[in-house]
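Undergrad: Letter by letter, the chains look like this.
Protein chains: 2
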Amino acid sequence: MNNNAIGVFDSGVGGLTCVSELQKILPHEDIIYLGDTARIPYGTKSKETVFEYAKQDVAFFRKHNVKMIIVACGTVSAVMMTYPIFENDELSSGVLYPAVKAACEATKNKRIGVIATSASIKSGGYGKAIREIIPDAKLVGQACPMFVPLVENGYTDRDNEVAKIIARDYLQVMIDEDVDTLIMGCTHYPLLKDIIGDILGNKVSLISPGAEAAKYALNALTENNMLSANNENGKLELYCTDSVELFTENVKTILGSDINGEIFRTTLK
Amino acid sequence: MNNNAIGVFDSGVGGLTCVSELQKILPHEDIIYLGDTARIPYGTKSKETVFEYAKQDVAFFRKHNVKMIIVACGTVSAVMMTYPIFENDELSSGVLYPAVKAACEATKNKRIGVIATSASIKSGGYGKAIREIIPDAKLVGQACPMFVPLVENGYTDRDNEVAKIIARDYLQVMIDEDVDTLIMGCTHYPLLKDIIGDILGNKVSLISPGAEAAKYALNALTENNMLSANNENGKLELYCTDSVELFTENVKTILGSDINGEIFRTTLK
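From first to last, the protein sequence lines stand for chains S and E. Under my numbering, the first residue of the first sequence is numbered 102, with each subsequent residue one higher. Under my numbering, the first residue of the second sequence is numbered 102, with each subsequent residue one higher.
Bear in mind the hints are in silico, worked out from the structure with no lab data behind them. It is possible that part of the hints are untrue.
You can't tell identical chains apart in this list, so a pair holds if it fits in one copy or across any two.
Simulated pairs of lysine-lysine, BS3-like, Cα-Cα distance not exceeding 27 Å [to be verified]:
no., residue 1, residue 2
1, Lys202, Lys239
2, Lys294, Lys229
3, Lys223, Lys353
4, Lys265, Lys304
5, Lys316, Lys164
6, Lys202, Lys294
7, Lys125, Lys370
8, Lys125, Lys202
9, Lys168, Lys125
10, Lys164, Lys370
11, Lys370, Lys156
12, Lys164, Lys239
13, Lys265, Lys294
14, Lys304, Lys211
15, Lys223, Lys211
16, Lys316, Lys156
17, Lys168, Lys370
18, Lys294, Lys353
It should be emphasised that the depicted structure is a prediction, and the values quoted were computed from it without experimental measurement.
For reference, chain S alone in the conformation it holds in the complex:
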């Protein structure tokens, strides 16, 4: 048993989709969330810069003595495949491996698509991880740089004309390449799931990285006998690097919900 909190971070509020999944399957766990809102987004930056920021995010959690760190940011998860940010003895997970594992289990024709930020696609991390499990898998990667702004500005309704045109444009390659499984490799993308699903049809399995990372955390904590002994609902503490007001506003706009925990401002260095 271990009552320390689980740490979860992302460049903004998107990683809270992973927190919701954690709260569903691990309701007694305390969670500390960090959103690096003063430097969002990570996905358009170079891998060296993403690496620098990620190291600072991890250092924040080491100070808070968490029992596990979850990288709820697709970009950091992809970049850390070649630029490691964790020590070997740290219990940690990105969203990449759990999503890749789920995709490899779901695919029947071994043709897997990945949509993600430019930095994630450029990193080559997805291909590397998929080929470790299915050496002859075909990976179709597509950077979708307009998806984050679409989500952040509320263009997410199933019948939103702008979102549909942009999504069709990005996803056509997945239809052409006959993928049967698609990893939505950025925590923002599941908010466009309806539109993506309408375009690809119901024969393509859509993998949500946040949900898969939450399942991975449940397994890892159980195996290591590190589940919380709390019987009550866990607490959620949130930290952001830009203003608390802006964070609250973004949660409402982007996730369409209120925060159920206390929010603090912090500085990373």
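Dock chain E against chain S, hints included.
TA: Only chain E this time, still in chain S's reference frame:
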């Protein structure tokens, strides 16, 4: 005469549109450009965070001993109306005042529109500056958070369906409010000028902040007898805070041109 360089900064490569205007009307001046690409964008961040970043940008130029600093970032220009970043004796300009001055000269019906980032609109800086010149002017402000991603991802062709839908949505209020002059209050926006012009028609004057800031610099340097004594074309030195490779790539994607100066990476603190 003063042969020191002019310093120009923005959060990314957008401010280079201002540099081109400077090079046209002040061809003998050396220019040092700074793009804070590791923390781009500024326009979605809080005013306190924009202020912190802007102070660091200015400190960079003080170290480089420039004779004038031009803030080619609409967001910083708006925020610094209430959070000053310059000393009284520094020769400097944002893009806000020159654009507002041009708009006040252009308007006939005293109904002026401003499109800008969320941070700029929230700052109230445009209203304040316009009312100093025309106390009874009507200001119509509209945040256009999708315009920067549209420009950065190349959705700028006159007949681009996505850009047209989004722009019509943002600009309808300008038609409803009968503005006769529109300030494009972010250095990215002039790249959408054709689409904006088609929607508003040719009776609305479009004001480009980069071009107005360049004219302001010409006047200020002339009045202060600080023009360069060089007879040859001035040099351009560029600094960015993320990778040089990414900077070069963005200049090509966003501005459709190559860089005509040497690029260095720097760190701000």
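Undergrad: So, for every hint listed, does it hold in this structure?
TA: Results of checking the hints against the structure:
| no. | hint | result |
| --- | --- | --- |
| 1 | Lys202 with Lys239 | within (15 Å within a copy, 58 Å between copies) |
| 2 | Lys294 with Lys229 | within (25 Å within a copy, 43 Å between copies) |
| 3 | Lys223 with Lys353 | between (31 Å within a copy, 18 Å between copies) |
| 4 | Lys265 with Lys304 | within (19 Å within a copy, 33 Å between copies) |
| 5 | Lys316 with Lys164 | within (25 Å within a copy, 51 Å between copies) |
| 6 | Lys202 with Lys294 | within (20 Å within a copy, 46 Å between copies) |
| 7 | Lys125 with Lys370 | neither (33 Å within a copy, 41 Å between copies) |
| 8 | Lys125 with Lys202 | within (21 Å within a copy, 56 Å between copies) |
| 9 | Lys168 with Lys125 | within (19 Å within a copy, 59 Å between copies) |
| 10 | Lys164 with Lys370 | both (13 Å within a copy, 22 Å between copies) |
| 11 | Lys370 with Lys156 | both (9 Å within a copy, 17 Å between copies) |
| 12 | Lys164 with Lys239 | neither (41 Å within a copy, 52 Å between copies) |
| 13 | Lys265 with Lys294 | both (11 Å within a copy, 24 Å between copies) |
| 14 | Lys304 with Lys211 | within (14 Å within a copy, 58 Å between copies) |
| 15 | Lys223 with Lys211 | within (21 Å within a copy, 50 Å between copies) |
| 16 | Lys316 with Lys156 | within (24 Å within a copy, 44 Å between copies) |
| 17 | Lys168 with Lys370 | within (22 Å within a copy, 32 Å between copies) |
| 18 | Lys294 with Lys353 | within (19 Å within a copy, 32 Å between copies) |
Hints 7 and 12 from the earlier list are contradicted by this structure; the remaining hints agree with it.
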